[in-house]
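Just so you know, the sequences run in chain order A and B. Our numbering puts the first residue of the first sequence at 204, with every later residue one more than the last. Our numbering puts the first residue of the second sequence at 204, with every later residue one more than the last.
Hints may contain errors.
The list cannot tell twin chains apart, which means a pair is met if one copy fits it or any two copies do.
Said to hold, decoys possible - The list that follows gives simulated cross-link-like pairs (lysine-lysine, DSBU-like), each with its CA atoms no further than 35 Å apart:
no., residue 1, residue 2
1, Lys480, Lys206
2, Lys206, Lys282
3, Lys206, Lys251
4, Lys206, Lys318
5, Lys308, Lys206
Calculated directly from the structure, the hints in this document are not laboratory data.
There are 2 protein chains.
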Amino acid sequence: MVKQVRLGLIGFGNVGQGLAQILAESAADYAAARGLELRIVAVSDALKGSVYAPEGLDAARLLEKISADGNFHGLPEEKPAWDAVAMIRESNADVIVEMSYTDLKTGQPAITHFKEALSHRKHVVSTNKGPVALAYSELQQLAAANGVQMGVEGTVMSGTPALRLGMEILAPAHIHRVMGIFNGTTNYILTQMESGMSYAAALAEAQKLGYAEADPTGDVEGFDAAGKVVILARLLMNTALRLDEVDRTGITALTQSDVAAARSAGERWKLIGSLEKTETGLNASVQPQRLPLAHPLAGVSGATNAIHFSTDYLGEVTLIGPGAGRLPTGYAVIEDILAIYRE
Amino acid sequence: MVKQVRLGLIGFGNVGQGLAQILAESAADYAAARGLELRIVAVSDALKGSVYAPEGLDAARLLEKISADGNFHGLPEEKPAWDAVAMIRESNADVIVEMSYTDLKTGQPAITHFKEALSHRKHVVSTNKGPVALAYSELQQLAAANGVQMGVEGTVMSGTPALRLGMEILAPAHIHRVMGIFNGTTNYILTQMESGMSYAAALAEAQKLGYAEADPTGDVEGFDAAGKVVILARLLMNTALRLDEVDRTGITALTQSDVAAARSAGERWKLIGSLEKTETGLNASVQPQRLPLAHPLAGVSGATNAIHFSTDYLGEVTLIGPGAGRLPTGYAVIEDILAIYRE
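Please work from the sequences and hints to get the whole structure.
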């Protein structure tokens with residue numbers, strides 16, 4: 204018996220296109236291996252337009268259309284009057300996949316999309332950090348009240364299953380500390396500085412490669428990593444933190460002489476997001492730290508991310524993998540959908 | 204609603220005692236968090252004797268008795284006439300936890316224990332490599348025919364969830380290669396050789412610390428790692444291999460000059476178990492390999508284990524954690540039980 208799962212996508216940028224590529228290539232595999240037939244029935248993108256076909260859209264054809272024209276205009280399935288909220292309300296999607304742009308100040312418009320979807324009894328899978336960092340408890344209550352689930356694996360380390368590993372597998376081992384490299388841009392810059400580049404030159408190269416934005420503040424001042432620390436606190440430590448409760452320092456003050464001093468001491472600078480249970484509560488920080496080379500996070504180079512769990516029963520466990528990217532983040536959505544329907 | 208899960212343990216050595224310690228400390232937590240009340244109702248150990256109480260045994264009291272006397276003799280719950288098979292047949296256990304000694308040649312007596320338990324419709328959780336390496340397909344069919352499950356997380360990397368990560372989370376990303384450090388003893392020896400020790404001295408130290416047996420052949424010639432490669436081939440690559448189909452070389456021929464030559468080339472020797480899909484089938488090997496220091500497995504030191512997955516959609520993902528130990532291996536049993544009853 205194969206169960207159909209109808210997906211409504213909000214956003215068809217890199218992540219949405221990565222998801223569409225995976226489904227174009229592997230939806231038949233997943234139907235055979237997991238008994239779930241994943242079909243995109245609707246897409247709504249603020250710039251590219253909206254499309255809808257209740258029986259399913261051809262993922263490969265959507266990718267070709269975007270590749271050719273940059274938008275959905277003129278497709279027979281086009282819904283020119285639909286925005287994301289209309290898509291949520293009027294499509295037959297079982298799962299809404301929220302991939303719009305992250306806003307860590309307001310969480311909008313993604314929080315509105317979550318609420319619309321959950322209150323219409325649709326599961327929500329999201330790669331958007333805003334709603335999880337800012338409104339998780341409220342959204343979780345809404346999901347529970349409507350008998351649906353949220354999957355947010357892609358908000359931290361893309362498809363590298365940091366959240367699922369922590370919540371499902373390691374939680375019963377009693378996690379007392381989590382630390383990690385949660386921002387690929389800054390880790391790339393630090394890796395280049397290790398090779399002798401200045402901070403300014405490394406940042407310029409990261410911008411050229413598309414790792415860093417024109418305004419790099421969110422990455423280099425640690426706001427992005429702090430957002431992930433807030434998400435980890437909520438999901439792994441059951442603690443609601445505000446972003447400004449994370450003790451945050453970026454990498455902009457690090458100099459080549461700092462890097463050289465660490466190297467001659469057998470250490471390496473990393474921008475470490477950290478959560479540690481103490482007798483009085485939870486210490487949360489994002490700070491450059493000098494790690495000994497033997498530390499499992501010290502060898503993580505380039506844009507790769509990593510998370511290091513300290514547990515009572517399993518000691519130290521480290522997971523290393525991609526932190527961004529079209530296919531890895533698209534795959535996070537697959538992981539969440541398969542987990543929702545496994546249960 | 205809390206569901207009771209009654210456990211029958213075969214073997215009460217290090218792993219069984221680690222499991223009992225976790226349950227003594229945390230069974231109430233698991234009941235609250237997961238709705239599962241895990242109770243040890245029976246233990247059968249070939250040397251220490253057998254005990255049984257249908258309503259549950261006090262795990263802390265079992266540990267005290269073993270610590271004081273080294274056996275169960277004289278406890279009111281003692282069953283002097285029971286062996287493991289009698290315990291499986293006559294106890295009310297829902298799950299049989301197989302923790303007897305691994306025999307990679309015959310798989311016995313563990314294969315008999317698996318068959319008895321599965322045919323009596325009891326789930327089996329095991330840390331014993333023998334049955335999984337030698338008879339998995341037959342046992343899986345027996346489990347399916349009887350509507351019960353097998354959990355074998357502890358057979359590779361103790362409680363570090365290498366199998367669960369691969370089978371549940373990464374399989375849909377299409378794993379095309381797996382490589383890893385699957386034997387802590389040899390990794391400890393290689394790490395000591397990196398610090399200048401001879402192979403013989405490093406082996407002697409590993410034996411003194413209890414990492415290596417008096418006869419170290421199983422570890423240093425790569426048989427233990429090859430057994431794990433066979434298990435990974437079965438569970439992650441859906442391929443049945445015999446142990447002698449793994450191309451196997453141990454570490455006994457490595458000299459200090461080999462280690463020094465690697466170091467001056469910026470590389471490090473590791474005993475790598477590997478599985479790679481090719482156009483003609485699956486290449487399986489256990490061999491010393493020189494890895495560049497930037498490889499995620501190169502920095503794994505001491506008795507720690509690690510697994511490195513190469514996937515189509517998620518790129519390279521590495522998991523590092525303990526490969527043995529009383530609590531980590533006991534925790535593998537907890538992971539499997541929670542997963543069986545989640546489903």
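To see whether the hints hold, each was checked on the structure:
1. Lys480 <-> Lys206: Result: close only across copies, 30 Å inter versus 42 Å intra.
2. Lys206 <-> Lys282: within (27 Å within a copy, 49 Å between copies)
3. Lys206 <-> Lys251: For Lys206 and Lys251, the Cα distance is within 35 Å only inside one copy (30 Å; across copies 50 Å).
4. Lys206 <-> Lys318: Both, since 26 Å and 33 Å are each at most 35 Å.
5. Lys308 <-> Lys206: neither (38 Å within a copy, 43 Å between copies)
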